[in-house]
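Student: Protein chains in written order, with my numbering: chain A, 133 to 330; chain B, 133 to 330.
Derived by calculation from the structure, the hints in this document are not laboratory data. Please note that a few of the clues may not be correct.
Remember, identical chains collapse to one label, so a pair may be satisfied in a single copy or spanning two.
Below, in silico cross-link-like pairs of lysine-lysine (DSBU-like), each with a Cα-Cα straight-line distance of 30 Å or less [what the hints assert, rightly or not]:
hint : residue 1 : residue 2
1    : 199       : 170
2    : 172       : 245
3    : 245       : 137
4    : 285       : 183
There are 2 protein chains.
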Amino acid sequence: MDTQKALYVFREHLERYIVFNEAEWIVFMQHLTFRTLKKKRYFAEPGIVCKDIGFIVKGAVRYYHIKEGEEITGYFSFENEFVSSYKSYLTQSPSLTYIQALEDTELVGISHKDMQLMLNNPMLAYKMERFGRLVAEHYLICYEDRVSSFITKTPEERYLDLLNTGRDILQRMPQHYIAHYLGITPVSLSRIRRRILV
Amino acid sequence: MDTQKALYVFREHLERYIVFNEAEWIVFMQHLTFRTLKKKRYFAEPGIVCKDIGFIVKGAVRYYHIKEGEEITGYFSFENEFVSSYKSYLTQSPSLTYIQALEDTELVGISHKDMQLMLNNPMLAYKMERFGRLVAEHYLICYEDRVSSFITKTPEERYLDLLNTGRDILQRMPQHYIAHYLGITPVSLSRIRRRILV
Chain A
133 MDTQKALYVF REHLERYIVF NEAEWIVFMQ HLTFRTLKKK RYFAEPGIVC
183 KDIGFIVKGA VRYYHIKEGE EITGYFSFEN EFVSSYKSYL TQSPSLTYIQ
233 ALEDTELVGI SHKDMQLMLN NPMLAYKMER FGRLVAEHYL ICYEDRVSSF
283 ITKTPEERYL DLLNTGRDIL QRMPQHYIAH YLGITPVSLS RIRRRILV
Chain B
133 MDTQKALYVF REHLERYIVF NEAEWIVFMQ HLTFRTLKKK RYFAEPGIVC
183 KDIGFIVKGA VRYYHIKEGE EITGYFSFEN EFVSSYKSYL TQSPSLTYIQ
233 ALEDTELVGI SHKDMQLMLN NPMLAYKMER FGRLVAEHYL ICYEDRVSSF
283 ITKTPEERYL DLLNTGRDIL QRMPQHYIAH YLGITPVSLS RIRRRILV
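Bound-form chain A, shown alone (with noise of 0.2 Å):
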């Protein structure tokens, strides 16, 4: 995708949260940045300050742990949606949790450094300020989500719930990546995809 699509696309997305005139869109453009992930490669890594704040035009991310050895898938984002180490994003502390691109991933990226810049722009400021509530309000339901549907819904309501994300990548993901994000076994997966199937 062009720079000029992507840009686009954000825009479209962004104006969910906060509709930019002409001249406040032109300042806040010089504040971002686009790049292209490669399949395996890291957004975030453990022990490593996670400086920006993406939204993803095209592909998708995982986010794990390394526990005894072992790689835990705990979350994901697609396209049209924000990835970032959160914490480590916003404290600017070492980042806890992997990033990792599934595809090759294109990312448009505001920085700590400009968002801090763009806050402080009396231009600018109010629709920030704005921005910044609204996409922290829309993580904390999704974290909300997660966890409530670990205590209230069995693995089954979960995958179908994955499911109705509608991502297509979802059929080209490693199987043990969604067994670990439902909090299963892959032999338990496989017997629930058996189960819908029928």
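Position chain B relative to chain A; hints supplied.
Tutor: Positioned in the frame of chain A, the structure of chain B alone reads:
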């Protein structure tokens, strides 16, 4: 605690996020409510929209779900912390969780309606957006800590983290609430407590 004292404590805490001048504070105060939630009474219940975000001036609450007839305590909030069934409050949809007072609890509240009025009041809008952003980011970090502590820490480490909050109410709290919060059985918790006391 009388209302004046409660307001003083609340304002002092708020100033970590945002400083109101006197004129703004007078308007802001008109949007606040005060109440005492008696021990065992509910701040939020499943199926009911959570109308308020509360700030705990005195006391503590626990968040829990019921799973297969059993109460599962997922979180605690103490003095000088905010409390809400956030997704329910933010989206004004029915809560999924119970929030119950662990002892008589005094709260300063902001209803969703009053928050919207302030966000739309030009005098307060910018500061309320900023306040909303910083509170949401704070809770995003708490959620992230909670999720990663389950992945990366032992129950003993999680127990020590909870002790480090320095809340004396932990001494008076039923042990099975604490065990659930740590994701272990009450028997395992007793074992951890004995080990730590040695």
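Student: Please go over all the hints and tell whether each is borne out by the structure.
Tutor: For each hint, the structure was consulted:
no. : hint      : verdict
1   : 199 / 170 : within (25 Å within a copy, 42 Å between copies)
2   : 172 / 245 : within (26 Å within a copy, 46 Å between copies)
3   : 245 / 137 : within (25 Å within a copy, 39 Å between copies)
4   : 285 / 183 : between (35 Å within a copy, 25 Å between copies)
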